[in-house]
Amino acid sequence: MPVLVQLNCDIRIIKFIYLMLKRPLTSAARGTAMSVYFLKESDLTFFLGRLLASSPVIAPVAKKSKFVFAELGSAAELRLDYDVTLLPPKTAFFPVKQKLLDFGPDGPKSAITPRKQVLFGVHFYDIKGIDMLDQLFAEGHRDNNYLANREATTVVGSSIQKVSSRAFFSTVGTDVQPRGHDAFLTHVTAGYVFETRTPKGEALISFGSFEKATAAQIEEAAGVNAAVLKRCPEKLEHSSELIAVKVRNAFANEELWTDLAKDCFSCGSCNIVCPTCYCFDVQDRWNLDQVSGTRHRTWDACLTNDFSKVSLGAGGSENFRERRGQRFRHRMMRKAAYLNEKLGGPACVGCGRCSAGCVPDIADPVRIINRIVGGRHGSSV
Amino acid sequence: MGHQCKSTIENLFMPEEAEIVRAEFMTPAEKHFTLRLKSGKAMVFEPGQMLEVSLFGFGEIPIGFASSPTRKGTFDIVVRSVGRVSSALNRLEKGDSLWVRAPLGKGFDLEKMRGRDVLVVAGGIGLCPTRSLINYILDRRSEFGKFTLFFGTKTPKDQLFREDLAQWRISKNVEFHETVDRADENWKGNVGVITTLFKNTTISPDTVAVICGPPVMYKFVIRDLDRIGIARDRIFVDLERRMKCGVGKCGHCQMNDLYVCMDGPVFPYSKVQDREEAFG
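Residue numbers (my numbering), protein chains in the order written: chain A, 1 to 381; chain B, 1 to 280.
Careful: at least some of the hints might be erroneous.
Computed cross-link-like contacts, PhoX-like style, restricted to lysine-lysine with a CA-CA straight-line distance of at most 20 Å [what the hints assert, rightly or not]:
id	chain 1	residue 1	chain 2	residue 2
1	B	K112	B	K146
2	A	K342	B	K271
3	B	K106	B	K271
4	B	K38	A	K109
5	A	K212	A	K40
6	A	K109	A	K97
What the hints contain is simulated information worked out from the structure, not anything from laboratory work.
With the hints as constraints, model all of the structure from the sequences given.
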C-alpha cells in the first residue's frame with residue numbers, strides 16, 4: 001500500500017476512535033435498567049387494553065402475509081411474533097408525509113403538534129435505527145418536527161421471536177448498544193420479562209398486573225436475547241472501523257460501482273424501507289379553496305435519478321449524480337463510511353429490509369461490503 | 001401576519017415575511033429584488049450566506065444574498081426563472097410579499113481576506129452572491145489590499161447589475177476586468193473565456209481568491225491560480241447544489257460527506273479539492 005494511502009487510513013482510524021469516545025450520550029439514562037418485572041402471558045391483553053384506553057399504541061400488526069407498524073384498534077391485533085415490518089417504526093415520528101406548516105391569507109402556522117403515544121414491540125435493531133435518527137435530527141439545527149414527536153413517544157422494545165430471511169443484525173455495529181427505548185419486553189416460557197429503563201417506561205407499570213421478576217426469569221430473558229443473535233442467516237464479516245476505511249477507499253473504483261449498480265432500477269426502494277434513511281423532499285399543496293394550503297415533507301431517495309438534479313432554465317439541468325453507479329455508491333458511502341465515522345458504527349442496523357425489498361436483489365449491504373472488504377462470501381475487488 | 005404559530009416549539013421551516021421594495025428585470029430571465037423584513041427587524045448576514053426564498057403554494061428555493069450587509073435596511077436577491085418556484089417569484093412586483101428563512105450556511109472568510117489582496121472571479125449569475133462581497137470590500141476599502149474583479153458572461157446581453165458595472169469600470173477602488181465568450185457589434189472589450197483575463201493584470205501569490213460561476217469554470221480558474229502560486233486554503237469556491245431544506249437534514253445537497261447548505265456554500269478549496277463529488 002502506498003505510504004500516503006496508508007497514512008490516510010491511519011488518520012481515519014484515529015479520527016474514528018476519537019469520534020467514538022466523544023460521542024454524546026444523549027440517551028445515557030436509558031442505558032441501565034430501572035426495574036425488572038414479570039407479566040403473565042394471559043395478562044398481556046389486559047395490560048394493552050388499559051394502555052390503549054389511555055393513549056394511542058403503535059405496534060406490529062399483520063398485513064396479509066407481512067407485518068407493519070400501525071395504530072392498534074384492539075390488543076388482539078398485536079403480533080409480537082413478527083419477523084420484520086415492511087417499513088421501519090420511524091414512521092411514528094417521521095411519517096412518510098409530514099405536514100410542516102399550514103399557510104393561508106394570514107401567513108404560515110407551525111404544524112408541530114406532538115401527541116402522547118406508545119410505540120410498542122420494537123426489535124432492538126430498529127431501536128438502534130431510532131437512536132441514529134435522534135442524533136441526526138438533533139445535531140446542528142434541531143428539527144423539532146421530528147424531535148417533538150419523538151419526545152412525546154414512549155418506546156417499548158420487544159425480543160425477536162422470528163428472524164427474517166435476510167437479517168444480519170448480530171454482525172453489524174456490534175459495539176453500538178440500543179439506547180432509545182423506555183422499556184423492553186422479552187418473551188419467556190411463562191410470559192414476559194419487562195425491563196423498565198426510564199421514568200416513562202416505569203410509568204407503564206401501573207397499567208398492568210406486573211410483579212417483580214425472579215432471578216431465574218431475568219436469566220431466562222437474557223438467554224433468549226442472546227440466542228436470537230445466533231440465528232441470523234447473513235453475516236457481515238468485518239469491524240465497523242475496517243468497513244469505514246475500505247469502503248471509503250473504494251470510492252474511485254468506477255468499474256466496481258458501475259458493476260454493482262448495473263441492474264439497478266433507480267427505484268429507491270432500498271432507501272424507503274431503511275430505518276436510518278432520513279432524506280426528504282419539501283412540497284407545497286393548495287387546499288381546495290385555493291387560498292390556503294400546506295407545506296409538507298415526504299421521504300425521498302438518493303437512488304432516484306432526479307435527487308441531486310438542479311434546474312438551469314430553458315429545459316436544461318445539471319445532475320450532480322447522473323449515473324446509477326454514482327447514486328449506488330453514494331448510498332453505500334453514507335451507510336458504511338460517512339455516517340459510520342460520525343455515529344461510531346455503520347448507519348445500518350442489519351434488518352435486511354433493503355435486501356428483501358430490492359427487485360434485482362443488489363442492495364444487500366452484506367454482499368456489497370463483503371465484496372469490497374473481502375471475505376468468505378465474496379471475492380475481494 | 002407572520003409568526004402566528006400556536007405551538008411554542010421552534011419550527012426550522014417557519015419563514016419570515018419580506019416585502020419587496022424594488023423589483024426589476026435585469027435580463028429577460030433574471031429579476032433583481034430589494035427586500036425588507038416585514039417585522040422591521042434588520043436582516044443580519046455575511047457575504048456568501050444564503051436564504052431559502054418561498055412563495056406559499058409554489059415552494060422554496062435557495063438563493064444567495066446579492067447585497068452587502070454594510071448597506072443596511074434592505075437586502076437583495078436575484079431570481080432566475082428556471083422552474084416552478086422561480087417563475088412564480090418573478091411574477092411578483094414592488095409591494096408584494098415573499099417569505100424567507102435566513103441567514104443559512106457559511107459565507108466568505110472575511111478575516112482571512114482582511115489586509116490582503118483579493119481577486120473575485122465571477123461567471124454569469126455567479127456575480128449575484130459575489131456582489132455581496134464586492135460591495136462589502138468597496139464599502140470597507142481600507143481594510144483590504146489590491147482588489148481585482150473578473151467578470152465573464154456568454155454574451156454582452158447576459159451582463160447583470162449594469163449600474164454597478166458602470167461604476168466599477170471607472171472606480172479607482174477596484175481593478176475591473178470583463179469578458180464575453182461571444183461579442184456583438186457594440187462590444188469593445190475582451191473576448192474569450194474568463195481565464196483569458198489573467199494576461200491583462202498581475203495577481204500576487206499572497207492574494208485571496210474567490211470563484212463563483214458555472215461548474216465547468218472552476219477547474220480552469222484554479223489551474224491559473226495554481227500557476228500563480230496561491231495557496232489552496234486561500235482560494236474560496238462558492239458552490240451550488242439542490243439545497244432543499246437549507247439546514248443540513250434533507251440530503252439533497254450532499255457532496256461526499258459534506259452538506260453544501262451547512263458546511264458551505266462557500267468552501268476553502270483545500271477542504272473540497274479531495275471530495276470527488278465537488279467538481280464532478
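Hints and how they fare:
| no. | hint | in the structure |
| --- | --- | --- |
| 1 | B:K112 x B:K146 | 14 Å, holds |
| 2 | A:K342 x B:K271 | 18 Å, holds |
| 3 | B:K106 x B:K271 | 13 Å, holds |
| 4 | B:K38 x A:K109 | 16 Å, holds |
| 5 | A:K212 x A:K40 | 11 Å, holds |
| 6 | A:K109 x A:K97 | 17 Å, holds |
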